[in-house]
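Asks: Chains as they are written, first to last, in numbering that gives the first Met the number 0: chain A, 0 to 343; chain B, 0 to 343; chain C, 0 to 343; chain D, 0 to 343.
Reference listing, derived: stretches of chain A covered by chain D, where coverage requires no fewer than 3 residues with Cβ under 8 Å from a Cβ of chain D:
1. 191-197
2. 239-249
Calculated pairs, DSS-like style, for lysine-lysine (alpha carbon to alpha carbon, straight line, at most 30 Å):
3. D:Lys62 - A:Lys192
4. B:Lys208 - A:Lys172
5. C:Lys264 - D:Lys119
6. C:Lys192 - B:Lys208
7. D:Lys62 - D:Lys97
8. C:Lys49 - B:Lys192
9. B:Lys62 - C:Lys192
10. C:Lys192 - B:Lys49
11. D:Lys208 - A:Lys62
12. A:Lys109 - A:Lys142
13. C:Lys144 - C:Lys62
14. A:Lys49 - D:Lys119
15. D:Lys192 - A:Lys119
16. B:Lys264 - D:Lys62
17. B:Lys208 - C:Lys49
18. A:Lys172 - B:Lys172
To be clear, the hints were calculated from the coordinates, so they are not data collected in a lab.
Glycine included, C-beta positions come from ideal geometry on N, C-alpha and C.
4 protein chains.
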Amino acid sequence: MKEPVSESSTMYSASIIGASGYSGAELTRLLLQHPNIELQELYAFSQTGKHVSELYAALSCDKVYQPYNGETESDLYFLALPHGEALRLVPALVDAGKTVIDLSGDFRLKCPLEHEQFYKQVKSPGSVMTYGMSELFSEEIIKAKAISNPGCFATSIILGVAPLFRGNKSSVKVRAINCTSTSGISGAGRSSKTELSFSEMSENIRAYKVGTHQHIPEIMQALGSSSTRPSFDFTFTPMIGSLVRGIYSILNVQLESPVDGDCIKELYRNFYQDAPFVRVRDNMTEVRHVAHTNFCDVHIAYAAPGGSLVIITAIDNLLKGAAGQAIQNMNLMLGLPETTGLSF
Amino acid sequence: MKEPVSESSTMYSASIIGASGYSGAELTRLLLQHPNIELQELYAFSQTGKHVSELYAALSCDKVYQPYNGETESDLYFLALPHGEALRLVPALVDAGKTVIDLSGDFRLKCPLEHEQFYKQVKSPGSVMTYGMSELFSEEIIKAKAISNPGCFATSIILGVAPLFRGNKSSVKVRAINCTSTSGISGAGRSSKTELSFSEMSENIRAYKVGTHQHIPEIMQALGSSSTRPSFDFTFTPMIGSLVRGIYSILNVQLESPVDGDCIKELYRNFYQDAPFVRVRDNMTEVRHVAHTNFCDVHIAYAAPGGSLVIITAIDNLLKGAAGQAIQNMNLMLGLPETTGLSF
Amino acid sequence: MKEPVSESSTMYSASIIGASGYSGAELTRLLLQHPNIELQELYAFSQTGKHVSELYAALSCDKVYQPYNGETESDLYFLALPHGEALRLVPALVDAGKTVIDLSGDFRLKCPLEHEQFYKQVKSPGSVMTYGMSELFSEEIIKAKAISNPGCFATSIILGVAPLFRGNKSSVKVRAINCTSTSGISGAGRSSKTELSFSEMSENIRAYKVGTHQHIPEIMQALGSSSTRPSFDFTFTPMIGSLVRGIYSILNVQLESPVDGDCIKELYRNFYQDAPFVRVRDNMTEVRHVAHTNFCDVHIAYAAPGGSLVIITAIDNLLKGAAGQAIQNMNLMLGLPETTGLSF
Amino acid sequence: MKEPVSESSTMYSASIIGASGYSGAELTRLLLQHPNIELQELYAFSQTGKHVSELYAALSCDKVYQPYNGETESDLYFLALPHGEALRLVPALVDAGKTVIDLSGDFRLKCPLEHEQFYKQVKSPGSVMTYGMSELFSEEIIKAKAISNPGCFATSIILGVAPLFRGNKSSVKVRAINCTSTSGISGAGRSSKTELSFSEMSENIRAYKVGTHQHIPEIMQALGSSSTRPSFDFTFTPMIGSLVRGIYSILNVQLESPVDGDCIKELYRNFYQDAPFVRVRDNMTEVRHVAHTNFCDVHIAYAAPGGSLVIITAIDNLLKGAAGQAIQNMNLMLGLPETTGLSF
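Here chain A stands alone, though its shape is the one from the complex (with noise of 0.2 Å):
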């Protein structure tokens, strides 16, 4: 699709904490191409002084990355932070007035006990900023000044079983999910761990964190639950496999009661007619479908008379489930189309 013309020619400041990353690289690389935003600061601590063209020559960018100072001369700030840093440096910009954009784990779960579970790090009650799913939570969005950006696998997840929850089906109710994802190594940063490098990762497909990854919580939150308190049984396989990029999310889904599998996909069509990011499709998804794209694809692969269903996502872990979704949560916030510098 070609880019909107956009309606706004306003021209906000934006600057990335913690840029050097495979999702501060994405968000660099959009912010660098989108027409509202002139990109100012990149700051990442540990390359500190190096060219981003020296760790990602196809961005072609001159800038030179360096420590984050405190400085808040932006109109907005992307923060792109190993988990548990965030939580320190979002105050103090917040109180400056500057929008914020936060994609770690830690303003993410409201429950401070679910957050100490799962992420081992105790946080204060208070510590939370509207979830930015957006295709579900577009009116809050809209009105906040920082937003938590989901994660990657929570998003493949919630978007795949959103419309059983928060469709306008009254008849449908879930008894559980079982969830297996797999994400490609890109999902795990750039990293220099023994166990990621291609030698040990071509050919080659890893399960991890089997029913304790922190995205559980996340995804039972989402859905009006809690993982403390689940009204389903929820279990969550997470695997990563010999691909860069991409989660490819089966959705195994029990019903209370059987409901027809076209009915199904009419609450899929229906709950996202408004969404331009996400298509419910026909055919079988595939990864390659939506690498290098913002898309969510849902595909309600199999639907049997008892109740069972299977429903198959994908997404592009750095741009829907990071980068990509960050901007639309942006947009939103700044009354732009939702799709200005996603259409490539």
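Following the hints, complete the assembly by docking chains B, C and D onto the known chain A.
Replies: Quick look at chains B, C and D alone, frame taken from chain A:
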């Protein structure tokens, strides 16, 4: 492990019908090295006149593919043909008193209706051979003259849940299994389909035949149930990913009542204590742990208080999922140590 | 870089003949986003009736492929057909006064005998169009109505040595070039050949057409020489490896007399100082630096006292090596900034 | 091929110092299967206390890594250590009368100055062992007690041109060789470098150490020349690509005078007629033809009238390029058939 010193120096002659596909090539490789086998003829209609080394240079084998002409000179015959073709050839080989191992799905299902539904092909009620899942049916296999070798997905799934069905732990009862399996692309055979080209499948994942795959009735049958009258809910989502070899299966099991995780592990260890190729592992399994081996690795990854289990298995689809298991069955049938020729 | 604000708001209509291959799909994507282009028809005989999104879901394009019927309603026509087919279609388009960019090899070679030898096809002596190597022939391109877009290997090689032949450094004279280029498998087109399947090409490298590739005379011609009367020794070994996109060329150059490495670097920098898409880099280049971009990276890796040079270039074969360069040429022909629609 | 029935039933004990890297793991696998070897100790300082199966589950080996303490109980010692460490350990092993095979570069170069230049390390003039290129120096190897095993790139290059230098064809004289070799990433060792992570190397190619690689003097020396006083021009460009195993070398050779292509082929066939692991092939070779084997495939791809040759070789870098060749040398030293334990 070092090859066991063969108790028997008896030599048998063997030929392969359908030798030019990936399973056929693995059979060729294994039989060339097997201390008790003299490999005779390699039949492959579509490659008639070509040397093995033209298709599989790594084998360094000078034999020439030829069309099968009905000869019955060898002691053993392996059939690695597309589904439907073995049905026609096997009866004559059995009548001639030959030892037969068929790697197709033609003789796996007892119920002709299930066969017709899943293979789109009519077969006579008697067309069933001993099901060659070495770890479950060795007593029958030892006595058999003709074996139907299990499917690749089926092997990875059946071995992953068999102890819950066949172990002597009366308290365990399965209510539902949701299975998601990722296969290497070699599982689709030596193919010229555009959708299996490197350009389409690199950095990709794709599900297919969700809920309709022909291994579903095979799995149900091996677990003492059937797809037409299931005693537990079963959904199966097969996928292919960006790898050549391997099957990685995530088995979400819902038990009727809670069982302690350690008891499950104990149950599995006991069940497989005499199985040289099944390894019940404490650590996470990965595809690379089993690639180019005949092992099936099993890991109990999650056991929730409510009776939810996540069991993960890994095999090499061309070895334990096809040619390796065929040799394992042959060893059992010939009275040789089960691991002969499979210790690499 | 951010897209330049277009000096021109003129809109042109464009159609693609041969739109369903990989180059055609990249053209589709680029033209959909181009601010001065209205994409009209997508012609692809073999995919007639299919929606673009069925083959290339990432494009999210609803247009339907159809057979080309000879219409001449668009302002521009891109041809991305198998070699030999454009020869038949281009004359009528040129006669109708259309702007034509042909991505095949049909119109590249001036010498009919060379064409016949390397393309196994007779063509009339006049069947030559302006050679669209944007960095070398922009003056001719700006004036041309019909362009023959360079081959992918040829682009990576010509740009890597052109300064030695065409730079104003009279002392440099080339005696021999040995070139080894590895291409991504997408260079073989959207194919159903067994030898290009994932199972055959994963973890593989294969050379082909050593010394006989059709880009040899194209390269010689662009460097002011010819394959029949070569003014320097030239050998070319093309390879495909386990990647989808990219060409990585190692150019071993033997000069007639010693030249200082810094002088060579200076020569290259001067030669490409006004070329927005050629980057002469101090550091080693890699395929990932140029993948999904229109850049050609050039690195002088080695300069021995005796006059031996190793020059390394990297391009994305589908962009700078095909569709991207075609758009670059179109921009030149339409009087638009050279980078319009190519800044991603 | 089937394993030759060993003429000798003598058993030897062997230990590996530096057993936890990729070459060490391949040695472990090969020695575990070798009919004349009892594998004793596995030394690996950095992995002390870990079981082999924790790092290499496919090996199914219970041995525990431990630090080397100077013991000399085994008959044979293999050293697979980082460059520089064997220099320190080998003398004591040799003094104790042990058979030693060192896989590092420490003892390859006769000239201490070359060693210092390329390995950045001083060594005493006497620190040279028999160079274990089995096909060229078997007479010396058979008599040796200590062997320096060739480098991986060096193996693929030396075997590709040796007949031109050492064959009895007086008319052939080499003027120049430009060599471009692509290695699988396992050649960089079991590594935790970011630049070798899957996310950085998938779909990538990168050259390195152009003209400065430490195998350059090793190659020159084996061909009867030297890097300091070269008798022919030699440039070498090593690369890594998106594969784990394999080296694919393109050898551009310029002869002093024209030679017929068939004569070259004949020269090669004669030269390697008794070499069980070198295959001079009429058809194009590929990495997959030799992966997981000890073969070196050689193909004369191009022979121009002017005396230009393109010779292509392929090996598995961990087998023929390291552990496999080490076992081949061991067989020669022990008087066993050269192929013992290497026929898979």
